[in-house]
Amino acid sequence: MQSFDLGKEGLRALNSSLHALRGQTNMTAWEVINPKGAHAIAAGVDAPVDITVRGSTGYYCAGMNKQATIRIKGSAGPGVAENMMSGAVIIDGDASQYAGATGRGGLLVIKGNASSRCGISMKGIDIVVHGNIGHMSCFMAQSGNVVVLGNAGESLGDSLYEARIFVRGTVKSLGADCIEKEMRDEHFALVEDLLRRGEADTKAKPEEFRRYGSARKLYNFNIDNAAAY
Amino acid sequence: MTEFPKTPPRYSATFTPAVNAEIRRAAASGIYDIRGGGTKRHLPHFDDLLFLGASISRYPLEGYREKCATDVWLGTRHAKKPIHLDIPVTIAGMSFGALSGPAKEALGRGASDAGTSTTTGDGGMTEEERGHSKTLVYQYLPSRYGMNPDDLRRADAIEIVVGQGAKPGGGGMLLGQKISDRVAKMRNLPKGIDQRSACRHPDWTGPDDLEIKILELREITDWEKPIYVKIGGARPYYDTALAVKAGADVVVLDGMQGGTAATQDVFIEHVGMPILACIPLAVKALQDLGMHRKVQLIVSGGIRSGADVAKAMALGADAVAIGTAALIALGDNDPKWEEEYQKLGTTADAYDDWHEGRDPTGITTQDPELYQRFDPVLGGRRLKNYLKVMTLEAQTIARACGKNHLHNLEPEDLVSLTIEAAAMAGVPLAGTSWIPGRNGGF
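Chains R and D are the protein sequences, given in the same order. Quick note on my numbering: the first sequence kicks off at 1 and runs consecutively. Quick note on my numbering: the second sequence kicks off at 1001 and runs consecutively.
Since the hints were derived computationally from the structure, they do not count as laboratory data. Note that the structure is predicted; figures quoted are calculated from it, not measured. Think of the CB as a built atom: it goes at the ideal place given N, C-alpha and C, for glycine as much as any other residue.
For the chain R half of the interface with chain D, some residues (derived, Cβ under 10 angstroms), not all of them:
| id | residue |
| --- | --- |
| 1 | H39 |
| 2 | I41 |
| 3 | Y60 |
| 4 | M64 |
| 5 | E82 |
Covered stretches of chain R, going by a simulated chain D footprint (3 or more residues, C-beta under 8 angstroms):
| id | segment |
| --- | --- |
| 6 | 98-111 |
| 7 | 118-124 |
| 8 | 138-151 |
Work the whole structure out from these sequences, hints included.
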């Protein structure tokens, strides 16, 4: 285990050490201590390594992650795992706004609650939230899946494209062009898989979820829909 | 009965035939007019400025013998690998999607041969432009279409787009006709939809967040790449100051003459300021912070000739960017396609319905039949020629003003032809020492 004291050695040294791992496989277990809410911890990693951050992180932890599994043993600030490409980010605590924003792949697991705009503009990432998600979550979400064991705030899935949203609890309101859709067999299977990978299979069952997606009425401009924008 | 002369028909200056035609069009269609390009209205512009040239009090440099350098460094504030360009005329961001693949290739070829940079756009980085651009600036836009760390690392600079001159406060637009299979795949969108890009970034708001976003991009790219921040000409003093505060290496400032692939006409014509009014405010912000020439300023919006380049630089810019002019150099709106323009209900030099994807020149389309008309090698050659001419023109003026580098041009070399331009550019009205508004705030 490579242990890195962020308080002593600094962000630049951490990230340049992690970036140097590209192509290497012998140093696969990393631990970051004293994160103290620093920004951009483990941003831009591109290696199949396991990184455990012992504490809470600031903005953009694991930003643009590729391949790595990054565990945050605390809560995460805004934009955690933004634009993630692959790999996994697992947060023991809560996540601030824009969690998983524009993410293109990989798995983001939030064991606490996620704040507003979770999954905004997402492009293929899978997100599993054990708690609740805040308002405007999945705004303009393009593709990927979001599974929420708790409740969703206002305007869920506003201006949604082809992302799929599964919520077990209540939805305060749906955003423009977002509607409830039928849960078919493939959706039960999808939720089952995501619950398992999201370490939530002991907490919920697929049949407890409802599915939300795009009504596709705003895909092409029509003046009679102007009030929806 | 006596016949009196009749009052001749008189058109209203308010309800002109053009205004009335637009009212009728809106009433019939129920949708605002969408078009490409920049503002078409008359504005105070570089044409309203003149250079004084050398005389007894200044002496000029010999036109073909004495050196007048044109190179520019960009990103020297924080980047480990700043950019060094041979000429201070760069190619502005234009998306693959808005432009065809061959058109992006031609921009790369022409710019690289002329010693300058090209810029991606709201559609991600294509192999055509990376492969043919020696220096490529990668735009970081609210939509983040195609955004990925590998392209960030193979870019030569990163441009965080906050706004653009054609539509400060507005997002991108690419209508269904141009969302081909390839464009849809790159943007991760369903084919054929009317795509509207967000106007705000999804994961930051305001200057304090921007500072952290810049930190993240620097960390991801190991502090190698210059980071530009592009703003539309709205509040250039404060926006420039805030971009500098957030850590930008370069500020890109786009006036309302700057083009767009597609936006509401009402937005293009009524939001933002002309570039002439923007440059002095941005330069003042840099000077007030002690950062002029440390954070470089690239300006764009209506740059057409070496004279425009020289005037922008005399006002304090480090470099300029061209978009519309580059497309025209490639062949856009060429009268040789007049017959086809007529079929589209328009005429050469006025065609702006690029969003419809039926561009006869093959430049602003995703239709293979049309874009195969366009020869990227010839297009690149034409762009190179044009960039070389602009540079020679700017050098001609600089030498006449006694400057051995384009960067040595200064406001003192300029006078204004109109009171409006004098007030906006902050250079005296010709024949006077009067700068309206000076000592009266700005």
